[in-house]
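In the order they appear, the protein sequences are chains H and X. Note that the first sequence covers residues 1 to 287 in the working numbering. Note that the second sequence covers residues 1 to 596 in the working numbering.
Certain hints may be false.
What the hints assert, rightly or not - Listed next, the in silico SDA-like pairs over lysine to any residue satisfying Cα-Cα at most 25 Å (straight line): (1) H/LYS241 - X/ASP193; (2) H/LYS241 - H/GLU264; (3) H/LYS148 - X/GLU295; (4) X/LYS461 - H/LYS241; (5) H/LYS148 - X/GLN590; (6) H/LYS148 - X/ASP193; (7) H/LYS241 - X/THR190; (8) X/LYS473 - X/MET423; (9) H/LYS148 - X/THR190; (10) X/LYS461 - H/ALA267; (11) H/LYS148 - X/GLN463.
Calculated directly from the structure, the hints in this document are not laboratory data.
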Amino acid sequence: MNQKGENIETCLSVQGLSVDYGRGSRRRRVLDGVSFDVGVGETVGLVGESGSGKTTIARSVVGLTPASEGSIHLGGLELAAMRRRSRRAVAREVQYVFQDPYASLNPTRTVRQTLEEALYSRPEFSGRDRAARIDDVLLRVGIEPGMKERYPGSFSGGQRQRIAIARAMLPRPRLIVCDEPTASLDLSIQAQILELFIGLQEETGVSYLFIAHNLDVVRAVSHRTIVLRHGRIVESGSTEKIATAPEDAYTSALLAATPVADPEEQARRRSARQAGAFESRQRKERM
Amino acid sequence: MTEPTPLATGVIVPTPEAAARRAQSPLLQLARRRPLAFAALVYLALLVLVAVLGTVIAPYDPVSGNLAESLQGPSWAHWLGTDQLGRDTLSRLIVGTGPTLLYTGQVVAAALISGVAFGMLAGFAGGYVDTFIMAISDLLMSLPGMVMLLVVLTLFQDNMPIAMVCIGVLVSGFLMRVIRASTLSYRQETFIDAAAVAGLPTSLILGRHILTRQLGTVLVQASMLTGMALLLVTGAAYLGFGTEPPYPSWGLMIGDGAQIFGTQPMLMVSAGLAIACTVIATGLLGEGLRDLTTERWSGARARARAPRRLRRREPAMALEQVDQPVNTLLSVRGLQVAYGDADLGVVHGIDFDVAPGSTVGLLGESGSGKSATARAILGVLRNGRVTGGRVLFNGTDITGIGEFPAARRTELGIAYISQEPHMSLDPAWRVGAQLVEALRQHRPELSKVEARESALDLLEKVQMREPEEVFQKYAFELSGGMAQRVSIARALCAEPQLLIADEPTTALDVTVQAEILDLLRDIQLRTGMAILLITHDWGVVADMCSSAVVMRNGVVCEAAPIEVLFSAPADDYTASLLASNPAAMPTREQREEERR
Chain H
1 MNQKGENIET CLSVQGLSVD YGRGSRRRRV LDGVSFDVGV GETVGLVGES
51 GSGKTTIARS VVGLTPASEG SIHLGGLELA AMRRRSRRAV AREVQYVFQD
101 PYASLNPTRT VRQTLEEALY SRPEFSGRDR AARIDDVLLR VGIEPGMKER
151 YPGSFSGGQR QRIAIARAML PRPRLIVCDE PTASLDLSIQ AQILELFIGL
201 QEETGVSYLF IAHNLDVVRA VSHRTIVLRH GRIVESGSTE KIATAPEDAY
251 TSALLAATPV ADPEEQARRR SARQAGAFES RQRKERM
Chain X
1 MTEPTPLATG VIVPTPEAAA RRAQSPLLQL ARRRPLAFAA LVYLALLVLV
51 AVLGTVIAPY DPVSGNLAES LQGPSWAHWL GTDQLGRDTL SRLIVGTGPT
101 LLYTGQVVAA ALISGVAFGM LAGFAGGYVD TFIMAISDLL MSLPGMVMLL
151 VVLTLFQDNM PIAMVCIGVL VSGFLMRVIR ASTLSYRQET FIDAAAVAGL
201 PTSLILGRHI LTRQLGTVLV QASMLTGMAL LLVTGAAYLG FGTEPPYPSW
251 GLMIGDGAQI FGTQPMLMVS AGLAIACTVI ATGLLGEGLR DLTTERWSGA
301 RARARAPRRL RRREPAMALE QVDQPVNTLL SVRGLQVAYG DADLGVVHGI
351 DFDVAPGSTV GLLGESGSGK SATARAILGV LRNGRVTGGR VLFNGTDITG
401 IGEFPAARRT ELGIAYISQE PHMSLDPAWR VGAQLVEALR QHRPELSKVE
451 ARESALDLLE KVQMREPEEV FQKYAFELSG GMAQRVSIAR ALCAEPQLLI
501 ADEPTTALDV TVQAEILDLL RDIQLRTGMA ILLITHDWGV VADMCSSAVV
551 MRNGVVCEAA PIEVLFSAPA DDYTASLLAS NPAAMPTREQ REEERR
């Protein structure tokens, strides 16, 4: 169901997902029984601070981190039980956009080589078709196709992230996992990239699982939002509701801590914080 | 997908120059940009040609000589003289090239295959495989080389190719280690994850991404190996392994030459020169190819020019007292900053003031020059310099502050905290020791005990819950927020009047950010220190600052009190930057309603 209570088809279904890191006595649970759905054409935002497990969820969904328990259903595949051999089958269904556009593109390979590799999971596309698809997707993300023979080194951070988005779009996946895709970009570039994500979704109906630590970013792109803390979901619901009327104390604390671009409002918040009992409660909790 | 619609503007078209450079063949590029490496390539190519032609181009029979003409020096008949049996040295050198290069090539090929394959396997597979392969590598490296060489050569006397392959494997231990180390670092790269997400099998990821990424390392190692192998092969020939006399090889010629060096050094010198030139040529070629393959994708010239000493302002004897606008602590007037050898301007004459006890925001995107401005004020421009303008602090011209001893800077009362608190703390010293050091530098009269007391005091001031415990910790044991508190405490050692904070909360979680900002505000209330806050976050500006300076491309777009800046920005860029704030973007629900 989407935020208006209309029934929409489910794209991704995560049930009771748990992930442990380390072995033996150093084993610790970083994700503890997380369940949620992402509808077709929907964006679900995952918000949380460091150590909340949001990146672990993202990596499990694309099979980069194995799940310890639970199930991840996507387009008839059970991803939690997938082995490395079936990477190719997974790659058609779900793609990933990484945080750092400088690290996620191999600097020794041209943009065309990188994009052709993204079609590895789609051997059914013919040679000429592949080239046409690459040009088409580059145009869509706002990169001149004539530049595809260049290396990533000659593109800016924002352009590289556009190329990374093109790479994720190419195999026509149902779902794209976006892991802080704008965290290392400038403010004005961030706005352009967010608009690009929204525009591509409206055109193609792809679903996003969108991870960010910045509540404002999630508010701008997500239909629904999930708030995570210490590997558990503390609250989930429509983005509008989470942003304006949160039920959980931690969500409210997160919202109160996010500075807004309004000096008067900030002054109000600060006096509320200084007077506030809730901060000292928070502090006790952390200790 | 229907007709493609470009969703963003600002498409860049490749420059004709870059396109032309790409069109050039690698050989031409090598000749133009790495002439020495190109010369080495030509030399080695000629050497291979000589090896192939051998007896065809040799002026005399290399095997039989005229005893009457033995031990001659260079002449028109024998350019390089003759040996003790009267054989022509030049002919022997030419014909000896073939076997020498062949054996060397066998050793190098075996070493490369074994070193690269096992090194990559160890680095990528990890676990027991890694442990096992590294044990073998250690074993290979700890074997006494010369003894093993003799054992192998004696064992396989009748089958030189097998002997050479064995030697190649024996010398590959070091290469294994080098390749394993670089594989380990490259497999952590995000683009390896990206390849896995694209569905590539492990074999393809290894070959396509990890091997190509370390091609430069392999090339350099290969050229070093070639030199070493050539010396091994000639060494073996000297000892009587390899080519059977009377047939020539370079090593045999060295052996013959050594016996007659006193009477006729020419034989030794010619063979020695051939070997030396070849070793040098492989080294030069390897390095040139490495640079060329790296330049191909890195965009920049890999071989960085040696940094030239920058022209510096003459250090003044004392800081100049100047008239400063009233009620300002810091005044920046027409400040210009340039970087690098080319004096590339990044700040082009900016002006702003910071009043005592106020907080001024310095806003801008990457490349706006905001960090360069901060560094110029602090006098810590690396590879850059102030090319014009003045920085006035408390009635003193501090433009040349970089020239003065660090003690002078803290005396003035300027402190600095950075975006990466962990980076700014020394990992080798406990937090307490670093604070005590900073305190005693500022107040040398403090005894160790007093300094310790003051340090604990400071840790309490930055709201550390367990000052005693934190005092004993190393930087890596602290969380991001705690490390930033420690760097604030260290900044407070000098009782600064101005704190320059460069994105102090960008790397922190929002709840921690709120705590740090509250702390800075709290300290400011107590000490009356001014803060120059460099940030890209409008929320942080709204929270902390009384006024802000917006920078773009090294110039100030707008400087105004924040009430004005947020409600009625005078500059278009400020307005567009405010509009880019994600909080100002419509929500998905609002978008959908709008469409109806």
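Hints versus structure:
{"no.": "1", "hint": "H/LYS241 - X/ASP193", "verdict": "35 Å, violated"}
{"no.": "2", "hint": "H/LYS241 - H/GLU264", "verdict": "23 Å, holds"}
{"no.": "3", "hint": "H/LYS148 - X/GLU295", "verdict": "18 Å, holds"}
{"no.": "4", "hint": "X/LYS461 - H/LYS241", "verdict": "39 Å, violated"}
{"no.": "5", "hint": "H/LYS148 - X/GLN590", "verdict": "36 Å, violated"}
{"no.": "6", "hint": "H/LYS148 - X/ASP193", "verdict": "22 Å, holds"}
{"no.": "7", "hint": "H/LYS241 - X/THR190", "verdict": "35 Å, violated"}
{"no.": "8", "hint": "X/LYS473 - X/MET423", "verdict": "15 Å, holds"}
{"no.": "9", "hint": "H/LYS148 - X/THR190", "verdict": "21 Å, holds"}
{"no.": "10", "hint": "X/LYS461 - H/ALA267", "verdict": "23 Å, holds"}
{"no.": "11", "hint": "H/LYS148 - X/GLN463", "verdict": "53 Å, violated"}
The earlier numbered hints that this structure contradicts are 1, 4, 5, 7 and 11.
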